[in-house]
Amino acid sequence: MEPNTRPTAYDRAFWEDRYRDDDPSGPAPAPSPAFTALVAELDLTSAPGAGPQPRALELACGRGGDALWLAAQGWHVTAVDIAGAALTALSDRARAAGLGDRVRVERHDLGRTAPGPGPWDLVYANHFHTGQALDRDAALRRAAGSVAAGGVLAVVDHGSSAPWSWEQREDHPTADDLWRSLGLGPGWSALVCERRERIARGPDGRTAPVVDNVVAACRRA
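The numbering of the sequence shown is full-length UniProt numbering, which starts it at 1 and goes up by one.
Derived from the structure by calculation, the hints contain no laboratory data. The beta carbon of each residue, even a glycine, is placed where N, CA and C say it ideally should be. Among the clues, some could well be false.
[To be verified] Here are the computed distance ranges between Cβ atoms for each label pair:
id, residue 1, residue 2, range
1, G84, G118, 19 to 25 Å
2, D137, E106, 17 to 23 Å
3, P209, G118, 32 to 38 Å
Given these sequences and hints, build the entire structure.
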């Protein structure tokens with residue numbers, strides 16, 4: 001598929017095909033700069049409530065760059081995706097990096113099944129793509145319910161379209177829209193809710209300025 005050709009459906013077959021040729025013996029995927037910056041900013045490795053072996057849940061992990069990076073920081077990560085091909089490659093990479101005991105993979109269609117109940121010191125979703133058949137807001141709200149007291153929910157979303165994006169649209173939600181969609185109650189404290197600009201690199205090496213919506217909240221109780 002050409003980089004800017006919009007897929008007809010974000011279903012399991014689409015994602016399996018996307019990751020089918022991912023060679024786990026090749027270079028490990030880089031973590032998202034938006035995610036690593038957020039972890040550093042919030043000092044999540046010492047987040048209130050996190051034990052000596054903090055536990056994280058990643059929704060829609062894809063190739064697993066964030067999960068591998070977080071595991072290397074000392075976290076135990078359960079990485080969830082709909083594509084078994086992506087999870088197999090991630091599991092192989094984790095073992096090769098000596099992180100096999102810190103990265104667990106689970107295949108879920110998050111519109112139908114959910115990961116274990118936790119509790120998790122961190123639940124995060126980084127550019128979690130869904131199709132019309134999956135209520136992403138509901139999936140995120142369910143996951144928020146499994147965050148431990150003192151733990152953090154973090155979501156990074158597209159606030160603009162890169163030139164090579166599948167979806168060229170002008171009506172991206174704002175950070176405030178994202179916050180409201182999570183439906184977090186009075187037991188949560190907002191840590192971050194803002195629009196952040198960065199330079200993205202496309203599949204053909206091009207670069208362009210893009211916007212991320214970044215939201216993070218701490219569960220008080």
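Cross-check of the supplied hints:
Our hint of 19 to 25 Å for G84 and G118 holds, since their Cβ atoms are close to 23 Å apart. Taking 17 to 23 Å as the suggested C-beta distance range, the pair D137 and E106 conforms, at roughly 21 Å. Take P209 and G118: their Cβ atoms lie about 36 Å apart, and the range 32 to 38 Å holds.
Hint check: no violations occur; every hint is consistent with the structure.
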